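S.K.: Residue numbers (the numbering used here), protein chains in the order written: chain A, 1 to 250; chain B, 1 to 286; chain C, 1 to 310.
Calculated directly from the structure, the hints in this document are not laboratory data.
It should be emphasised that the depicted structure is a prediction, and the values quoted were computed from it without experimental measurement.
Certain hints may be false.
Unchecked claim - The calculated EDC-like cross-link candidates involving lysine to aspartate or glutamate, where the alpha carbons are at most 16 Å apart (straight line), are: (1) C/Lys302 <-> A/Asp144; (2) A/Lys239 <-> A/Asp211; (3) C/Lys301 <-> A/Glu145; (4) B/Lys164 <-> B/Glu184; (5) A/Lys120 <-> C/Asp306; (6) B/Lys85 <-> B/Glu184; (7) A/Lys90 <-> C/Glu180; (8) A/Lys242 <-> A/Glu231; (9) B/Lys218 <-> C/Asp222; (10) A/Lys125 <-> A/Asp103; (11) A/Lys186 <-> A/Asp209; (12) A/Lys227 <-> A/Asp245; (13) A/Lys215 <-> A/Glu198; (14) A/Lys125 <-> A/Asp167; (15) A/Lys90 <-> C/Asp179; (16) C/Lys302 <-> A/Glu145; (17) A/Lys90 <-> A/Asp144; (18) A/Lys90 <-> A/Glu145; (19) C/Lys301 <-> A/Asp144; (20) A/Lys57 <-> A/Asp18; (21) A/Lys143 <-> C/Asp306; (22) A/Lys125 <-> C/Asp306; (23) A/Lys215 <-> A/Glu193; (24) A/Lys227 <-> A/Asp18; (25) A/Lys57 <-> A/Asp103.
Here is how the chains run, residue by residue.
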Amino acid sequence: MLEVINLEKSFGGIRAVDGCTFAVENNTITGLIGPNGAGKTTVFNLISGFYSPDGGKIVLNGSRIDQLPAHRVPHLRLSRTFQITRELGKMTVIDNLMVAPLDQMGETLFNSWFRLRSVKRQERKIREKALYVLDFLEIPNLKDEYASNLSGGQKKLLEFGRTMMTDPEIILLDEPGAGVNPTLMKKLNGYIERLRGEEGVTFFLIEHDMDLVMKLCDPIIVMNDGKVLAEGTAVEIQKNRKVLDAYLGG
Amino acid sequence: MQLIVNGILMGAVISIGAVGLTLVSRILHFFYFGYAAMLVYGAYLTMTLFNDVGLPLILAVLVSLPLLSLMAILIDKITFKHLRKRGTGPFGMMVVGIGLELFLRSSVRLLWGSDVMRYDLPIRRAILLPFNVRITPNQFVIIAASLILMLLLHLFLDQTKIGKAMRATADNIDLAKVRGINTERVIMWTWVIASISAGFAGFFLALDTRLVPIMGWKLLLPLFAAVILGGVGNPYGALAGGMIIGISQEVSAGFITPTYKPAVAFIIMTITLLIKPSGLFGRGGQ
Amino acid sequence: MSGSVGFLIFFLTYAIVYGILAIGLNIQWGFTGLVNFGVAGFFAVGAYVAAFITGAPSQYHLGGFGLPFPVGLLVATVVSGIFALILGFPVIRLREDYLAIVTIGFAEIVRLVIVTERHITKGPYGMGVIKPYNDMVPASFYGLFYLGIAIAVLLVLYLAMERAVRSPWGRALRTIREDERVAVAFGKNVNSFKLQVLVLGSMIFGLAGAVFGHFFNFITPDHFLPMETFLVWVMVMAGGSGNNLGVLFGALAIRGVWEGMMFLSDVLPTGIQIGAVRLAVIGLLLVLVVMVKPEGVLGEKKTASDILGE
Numbered sequence: 001m002l003e004v005i006n007l008e009k010s011f012g013g014i015r016a017v018d019g020c021t022f023a024v025e026n027n028t029i030t031g032l033i034g035p036n037g038a039g040k041t042t043v044f045n046l047i048s049g050f051y052s053p054d055g056g057k058i059v060l061n062g063s064r065i066d067q068l069p070a071h072r073v074p075h076l077r078l079s080r081t082f083q084i085t086r087e088l089g090k091m092t093v094i095d096n097l098m099v100a101p102l103d104q105m106g107e108t109l110f111n112s113w114f115r116l117r118s119v120k121r122q123e124r125k126i127r128e129k130a131l132y133v134l135d136f137l138e139i140p141n142l143k144d145e146y147a148s149n150l151s152g153g154q155k156k157l158l159e160f161g162r163t164m165m166t167d168p169e170i171i172l173l174d175e176p177g178a179g180v181n182p183t184l185m186k187k188l189n190g191y192i193e194r195l196r197g198e199e200g201v202t203f204f205l206i207e208h209d210m211d212l213v214m215k216l217c218d219p220i221i222v223m224n225d226g227k228v229l230a231e232g233t234a235v236e237i238q239k240n241r242k243v244l245d246a247y248l249g250g
Numbered sequence: 001m002q003l004i005v006n007g008i009l010m011g012a013v014i015s016i017g018a019v020g021l022t023l024v025s026r027i028l029h030f031f032y033f034g035y036a037a038m039l040v041y042g043a044y045l046t047m048t049l050f051n052d053v054g055l056p057l058i059l060a061v062l063v064s065l066p067l068l069s070l071m072a073i074l075i076d077k078i079t080f081k082h083l084r085k086r087g088t089g090p091f092g093m094m095v096v097g098i099g100l101e102l103f104l105r106s107s108v109r110l111l112w113g114s115d116v117m118r119y120d121l122p123i124r125r126a127i128l129l130p131f132n133v134r135i136t137p138n139q140f141v142i143i144a145a146s147l148i149l150m151l152l153l154h155l156f157l158d159q160t161k162i163g164k165a166m167r168a169t170a171d172n173i174d175l176a177k178v179r180g181i182n183t184e185r186v187i188m189w190t191w192v193i194a195s196i197s198a199g200f201a202g203f204f205l206a207l208d209t210r211l212v213p214i215m216g217w218k219l220l221l222p223l224f225a226a227v228i229l230g231g232v233g234n235p236y237g238a239l240a241g242g243m244i245i246g247i248s249q250e251v252s253a254g255f256i257t258p259t260y261k262p263a264v265a266f267i268i269m270t271i272t273l274l275i276k277p278s279g280l281f282g283r284g285g286q
Numbered sequence: 001m002s003g004s005v006g007f008l009i010f011f012l013t014y015a016i017v018y019g020i021l022a023i024g025l026n027i028q029w030g031f032t033g034l035v036n037f038g039v040a041g042f043f044a045v046g047a048y049v050a051a052f053i054t055g056a057p058s059q060y061h062l063g064g065f066g067l068p069f070p071v072g073l074l075v076a077t078v079v080s081g082i083f084a085l086i087l088g089f090p091v092i093r094l095r096e097d098y099l100a101i102v103t104i105g106f107a108e109i110v111r112l113v114i115v116t117e118r119h120i121t122k123g124p125y126g127m128g129v130i131k132p133y134n135d136m137v138p139a140s141f142y143g144l145f146y147l148g149i150a151i152a153v154l155l156v157l158y159l160a161m162e163r164a165v166r167s168p169w170g171r172a173l174r175t176i177r178e179d180e181r182v183a184v185a186f187g188k189n190v191n192s193f194k195l196q197v198l199v200l201g202s203m204i205f206g207l208a209g210a211v212f213g214h215f216f217n218f219i220t221p222d223h224f225l226p227m228e229t230f231l232v233w234v235m236v237m238a239g240g241s242g243n244n245l246g247v248l249f250g251a252l253a254i255r256g257v258w259e260g261m262m263f264l265s266d267v268l269p270t271g272i273q274i275g276a277v278r279l280a281v282i283g284l285l286l287v288l289v290v291m292v293k294p295e296g297v298l299g300e301k302k303t304a305s306d307i308l309g310e
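My request is simple: use the sequences and hints to build the entire structure.
M.R.: Encoded structure:
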């Protein structure tokens, strides 16, 4: 589904991603782990188009996406969250969700002025979907709250919900577990499993919580110094000598 | 040839002013429009000390500088220090800076009036140099003095402890903090350097032309152009940028209506921003 | 009509001109977070273009095409938009502080051109602008009549902008203001939205210029000093960015302060220039708004898009 081939990116002479090659298979929950500074988030930013690579290729469903402007990438049904949550603070929770869907006809000024009827029809559908997402995440009561008033965990949920709004085939989660309490984490795991099972969504996630990764992800990709160090099932990774060295030595 | 000499003169004024502005822009992390008012205050304070108090001109300039620094630090304490603590972004700071510029500029009008003024100096005739170039003794003094100032600034930034700390902070603020540089102290010194830089630029400009409250605002666009061209936070870049802007502005007067001089600065600045926002020497910026 | 009523009409018409400007800036800054310090430049373009269109033929300035008033409004609006497009196309992607400097530079250059190109604009001497429909309205009611026109323009504009910002389009703008990266991550073409907003807002400034010129009947480069830009900024920031009613309230209040200071000249010692005091007060207000009340007097509405009326 998603292939990364020989990816390279440097910042001011430092090679953050240095010839990285891996693939994320369809309908998996693929984990990306590695010590701090291994280049994981940079890889995410490259895939989602926020950075353009210095070398290599990124292929999504058979077409190259590494030359696309960042705002085109979501249209290929790839959605992402951010390591540090980026909620739209001065907007309500439901607005945070409703802004997410792509190709809203009401986002053209002309339509908003002169084709209000069709805009309303689409808007109603988007609203229903947003309400469904809030129900799915069990936070319907937060609908009209300003996003800035949410707790850290709730913000994570909101970001997760926002990706759902775009009907993605693949979701990139950057540390979904960071700052989330164990109860909520368990729930989030449930949502991820459910989306994969029921809607066939592929997940690719960065996570530091090893217990979580080992339980949830298969396969797991390990990065170190901008390169892929190892790839395999949780059991294989746990036994891998190089991985242990990287974590202990790095 | 005359245009080039005019350009060097203008370039000297812009360069001297741009050094302070580039350090303020980088170390305080916003574009300070109130800098124009510092320039104007420098020129007017010097005038009062010279014309009215009767100090010798050089002494008048030197006395005006600590007054200017004091004012700048005081304003910083009242406004920007609070905003820094509150984490106000560069835009909010910039708006406050604009407010200060409007306020201070009109205070000049209220204190000294809006009429055109000049330093009470005997009018001396221009000297005729080879190639039919004319230069007044005042202009000669401006060019010579700015060269000395540039040298002193270089020595300050290169040799003194606080100068080095300032350059380090301008290079990389986060790194400077990690290395234990006291940023509030650096900011205070930045205001001192900015006052010296603005004070001299204002004095030179007034010496070459005359004093009007709007003079600072009018120099602001070329100053920002010089800062951006040289790379925000790079004092040597600002010197070079100032020269380039000054010379291109004056030489352009040979081809287009002279009133369009500021447009030349504007175009150079905009092109720099579009092609290489980090400036010619690629240190500041993004 | 008595003097005080006449003054009230004058005051309100003037306030409406600034109300139109404030609504234009609110679209840019209030809803989108787009910095434009060149308000006065577009305001000037609109005023001069409208004056060329509706004026009688003249050898001293461009045009005098003698066309009807509504054509003047329309062309002024469109031409300002074209200026915004030409300026915005290359620079819209710049960081906000750079954009601030570039737009302020643009406005200064517009003013330089007006001062310099005398054969087009009559330069610093200023240009007369016609009183539209002068022959159809009794002179003593003309002020009131023109106030009516200004109110009508403002009303149409207000309704159109309210609908625009309360739509999914407006919600996308708010998203850009809150966090550009999120907007990009959800497929919004941020630069396109920003350019649309720069052009739309600047068209509104142009419209304001046309309304202003035909109200004041005389325009000079001095009507379009950078200070005008910051006057509008104070109105928007103090009135409440992101709230169209708020910024209209801001426009009215700040115009009130502005005109009110004229009465100060009776109190102040002679020799104090009222112009300088006004400038100082505007400067102080800018400082205070950021330091004391960054969200303005009236905040924005909670719901971004409410076209469903829920």
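S.K.: Indicate, hint by hint, whether the structure satisfies it.
M.R.: Each hint, compared with the structure:
The suggested pairing of C/Lys302 with A/Asp144 holds, with an alpha-carbon distance near 8 Å, which does not exceed 16 Å. Between A/Lys239 and A/Asp211, the direct Cα distance comes to roughly 15 Å. Compliance with the 16 Å bound is thereby established for this hinted pair. Our distance criterion of 16 Å between C-alpha atoms is met by C/Lys301 and A/Glu145, whose separation comes to about 13 Å. At most 16 Å may separate the alpha-carbon atoms for a hinted pair to count; B/Lys164 and B/Glu184 meet this at roughly 15 Å.
Restraint check for A/Lys120 and C/Asp306: the C-alpha separation of about 10 Å stays at or below 16 Å, so the hint holds. In summary, the hint linking B/Lys85 to B/Glu184 is supported, as the alpha carbons are separated by about 11 Å, within the 16 Å threshold. Of the supplied pair hints, the one linking A/Lys90 and C/Glu180 holds, its CA atoms being roughly 14 Å apart against a limit of 16 Å. For the given pair, A/Lys242 sits about 11 Å from A/Glu231 by alpha-carbon distance, which is consistent with the 16 Å threshold.
Restraint check: the Cα-Cα separation between B/Lys218 and C/Asp222 comes to about 15 Å, which is no more than 16 Å; the hinted pair holds. Between A/Lys125 and A/Asp103 the alpha-carbon distance is near 13 Å, which keeps this suggested pair within the 16 Å criterion. Restraint check for A/Lys186 and A/Asp209: the C-alpha separation of about 13 Å stays at or below 16 Å, so the hint holds. At most 16 Å may separate the alpha-carbon atoms for a hinted pair to count; A/Lys227 and A/Asp245 meet this at roughly 15 Å.
As the CA atoms of A/Lys215 and A/Glu198 are separated by approximately 19 Å, the hinted pair breaks the 16 Å bound. Among the hinted pairs, A/Lys125 with A/Asp167 is consistent with the structure: their alpha-carbon atoms are about 13 Å apart, no more than 16 Å. For the given pair, A/Lys90 sits about 10 Å from C/Asp179 by alpha-carbon distance, which is consistent with the 16 Å threshold. In summary, the hint linking C/Lys302 to A/Glu145 is supported, as the alpha carbons are separated by about 9 Å, within the 16 Å threshold.
Of the supplied pair hints, the one linking A/Lys90 and A/Asp144 holds, its CA atoms being roughly 11 Å apart against a limit of 16 Å. For the given pair, A/Lys90 sits about 10 Å from A/Glu145 by alpha-carbon distance, which is consistent with the 16 Å threshold. Proposed proximity of C/Lys301 and A/Asp144 is supported: the alpha carbons are some 12 Å apart, at most 16 Å. A distance of roughly 13 Å separates the Cα atoms of A/Lys57 and A/Asp18; the hinted pair therefore holds under the 16 Å criterion.
For the suggested pair A/Lys143 and C/Asp306, the alpha carbons sit about 14 Å apart, so the restraint of at most 16 Å is met. Taking the CA atoms of A/Lys125 and C/Asp306, the gap is near 14 Å; set against the 16 Å cutoff, the hint holds. Of the pairs offered as hints, the one joining A/Lys215 and A/Glu193 holds, with about 11 Å between alpha carbons and a cut-off of 16 Å not exceeded. With a C-alpha separation of about 6 Å, the suggested pair A/Lys227 and A/Asp18 falls inside the 16 Å cut-off, and the hint holds.
As the CA atoms of A/Lys57 and A/Asp103 are separated by approximately 27 Å, the hinted pair breaks the 16 Å bound.
Violation of the numbered hints given earlier is confined to hints 13 and 25; the remaining hints are satisfied by the structure.
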